[in-house]
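Number of protein chains: 2
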Amino acid sequence: MNFDPYFVRPRQKIDLRNWEPDDTHAWKGSDKAVTELADLTAKLESLQEQLYCESKHRLLVVLQGMDTSGKDGVIRKVFEGVNPQGVRVASFKVPTPIELAHDYLWRVHSQTPGKGEMVIFNRSHYEDVLAVRVHNLVPENVWKKRYNQINEFERLLVEEGTTVLKFYLHISRDEQKERLLERIETPEKNWKFNPGDLEERKLWPEYMAAYEDVLNRTSTEWAPWYLVPADKKWFRNVLISSVIVETLKGFDMKYPTPEEDLAPYAARLRAGE
Amino acid sequence: MNFDPYFVRPRQKIDLRNWEPDDTHAWKGSDKAVTELADLTAKLESLQEQLYCESKHRLLVVLQGMDTSGKDGVIRKVFEGVNPQGVRVASFKVPTPIELAHDYLWRVHSQTPGKGEMVIFNRSHYEDVLAVRVHNLVPENVWKKRYNQINEFERLLVEEGTTVLKFYLHISRDEQKERLLERIETPEKNWKFNPGDLEERKLWPEYMAAYEDVLNRTSTEWAPWYLVPADKKWFRNVLISSVIVETLKGFDMKYPTPEEDLAPYAARLRAGE
Chain D
1 MNFDPYFVRP
11 RQKIDLRNWE
21 PDDTHAWKGS
31 DKAVTELADL
41 TAKLESLQEQ
51 LYCESKHRLL
61 VVLQGMDTSG
71 KDGVIRKVFE
81 GVNPQGVRVA
91 SFKVPTPIEL
101 AHDYLWRVHS
111 QTPGKGEMVI
121 FNRSHYEDVL
131 AVRVHNLVPE
141 NVWKKRYNQI
151 NEFERLLVEE
161 GTTVLKFYLH
171 ISRDEQKERL
181 LERIETPEKN
191 WKFNPGDLEE
201 RKLWPEYMAA
211 YEDVLNRTST
221 EWAPWYLVPA
231 DKKWFRNVLI
241 SSVIVETLKG
251 FDMKYPTPEE
261 DLAPYAARLR
271 AGE
Chain H
1 MNFDPYFVRP
11 RQKIDLRNWE
21 PDDTHAWKGS
31 DKAVTELADL
41 TAKLESLQEQ
51 LYCESKHRLL
61 VVLQGMDTSG
71 KDGVIRKVFE
81 GVNPQGVRVA
91 SFKVPTPIEL
101 AHDYLWRVHS
111 QTPGKGEMVI
121 FNRSHYEDVL
131 AVRVHNLVPE
141 NVWKKRYNQI
151 NEFERLLVEE
161 GTTVLKFYLH
171 ISRDEQKERL
181 LERIETPEKN
191 WKFNPGDLEE
201 RKLWPEYMAA
211 YEDVLNRTST
221 EWAPWYLVPA
231 DKKWFRNVLI
241 SSVIVETLKG
251 FDMKYPTPEE
261 DLAPYAARLR
271 AGE
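These protein sequences, in sequence, are chains D and H.
Numbering of the first sequence is given in the numbering used here, commencing with residue 1 and proceeding in unit increments.
Numbering of the second sequence is given in the numbering used here, commencing with residue 1 and proceeding in unit increments.
Next up, chain D with everything else stripped away, as it sits in the complex:
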């Protein structure tokens, strides 16, 4: 699919009120999307295997979004079928005392991908200019410096060989209500409900302002954001999977070729070694 409309260009001015969370592009319904996702999943599986074999590129996928926006769902649906060897999920929750004793990028840096690896950040360093800002956990003069720090940190990652893809899952306040109600009223989903989610929900406008600043200040040439309409799960999944598959294709990967002729080893084995 053409995901260009959802690419946030550097210095593009984003006003989230102009971005429909239930946008589904030209697609009328989810039927074609189900087939499309299955096709993308198979491609992703094979490309990830190549990423791992070639052991040259590193891919970092950042997932951000409000509670219930679908971060866990993307991990389950988009990445099902990948080889757990070579794909790692790093979830950033409330920092531990030892994490808080360091700068906010310390725990993040330690989780970045190695060669051949794909790492998915479920939340990320962006919480340090989102939740941390909204709850006034640090003064404004501290969090304001972080946009630049984050851009420079990501520049380091990219210049040293990591590809960084960032997805903001954009849902509406109404859709969040429906999803919270579902968590409350479906016993098997109760475990996902946290009463604190209602307090966070009250801060919706503050969060939207904070997300706008993130999108406006940290979508860079080297690590751009994708603004993903996320009210429709099937559209969200196909969009994200498409971006990842196209990115991996762009690596133009090859199976590594041996540095020496291997035939003599086959001969030795056949001779009984």
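A couple of the hints might just be wrong.
Just so you know, same-sequence chains aren't split out, so a pair can sit in one copy or run between any two.
Unchecked claim - DSBU-like, lysine-lysine: derived pairs with alpha carbons at most 35 Å apart:
id, residue 1, residue 2
1, 43, 192
2, 192, 56
3, 202, 233
4, 177, 13
5, 192, 145
6, 233, 77
7, 177, 145
8, 192, 254
9, 254, 189
10, 145, 189
11, 43, 202
12, 233, 56
13, 43, 13
14, 177, 56
15, 32, 192
16, 177, 115
17, 93, 233
Bear in mind the hints are in silico, worked out from the structure with no lab data behind them.
In this text, all values refer to a predicted model and were calculated from it rather than measured experimentally.
Since chain D is already given, all that's left is putting chain H on it; use the hints.
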């Protein structure tokens, strides 16, 4: 399937010459096994989701075996479909200088599973009584103490709430030859071939003796070994998957129930909060 014949009882005396690597139980062919594995994979997927939701149990799966015995294959085939959030693979390769500066269990301990997590060890601390012993990297009086150290380390893990499953993938020397030849003669598999594998292969009898000691000394009540005939990949996969699925079923997991009545939160949401 009945995997009892492959369970190594504590103090059972194992002579590997009596264990056929191409044993396939009562199964005549792989047809039924393919269906069986698909069924097990679906069960594993759902049980792992429960493990993650309940966030109570911890599962550690240890995979050991000679080169080409199928450790990577098990990870790809048995665990495909699991949610990468909640499943982690730890591969233990030649230790780094910082790892060597510590005791051999240091790097292993740091990778053990947390609550709700399933961790797969691709090789493990057992290399410290296998490769390390066979290559005389430490004196005998050092590695001989390690069986007890390992048993006590695993006892700690188990007493503190981790379930430990250990699988030794048993292949024949002939089957290894075929698999090495395949790696040499299939260009897309060349990357998996390492000329050093031929040197290791020369040490086959020493490795078998070392594996026998591992099975005889470290199959404990709390962390038993399964001796997996691994010449037939389909049998190996079904056996391992069966053991894991049965183990997870035995956890008798339930979706966590909330500590308070959630209905008032639904009412607040419906009232417009």
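Tested hints:
no., hint, in the structure
1, 43 <-> 192, "both (31 Å within a copy, 22 Å between copies)"
2, 192 <-> 56, "between (37 Å within a copy, 15 Å between copies)"
3, 202 <-> 233, "within (24 Å within a copy, 55 Å between copies)"
4, 177 <-> 13, "within (28 Å within a copy, 62 Å between copies)"
5, 192 <-> 145, "within (34 Å within a copy, 46 Å between copies)"
6, 233 <-> 77, "both (10 Å within a copy, 28 Å between copies)"
7, 177 <-> 145, "within (34 Å within a copy, 59 Å between copies)"
8, 192 <-> 254, "between (42 Å within a copy, 14 Å between copies)"
9, 254 <-> 189, "between (43 Å within a copy, 12 Å between copies)"
10, 145 <-> 189, "neither (39 Å within a copy, 48 Å between copies)"
11, 43 <-> 202, "neither (41 Å within a copy, 40 Å between copies)"
12, 233 <-> 56, "both (32 Å within a copy, 29 Å between copies)"
13, 43 <-> 13, "within (34 Å within a copy, 47 Å between copies)"
14, 177 <-> 56, "between (43 Å within a copy, 29 Å between copies)"
15, 32 <-> 192, "within (30 Å within a copy, 38 Å between copies)"
16, 177 <-> 115, "between (41 Å within a copy, 30 Å between copies)"
17, 93 <-> 233, "within (23 Å within a copy, 40 Å between copies)"
Consistency note: the structure conflicts with the earlier hints numbered 10 and 11.
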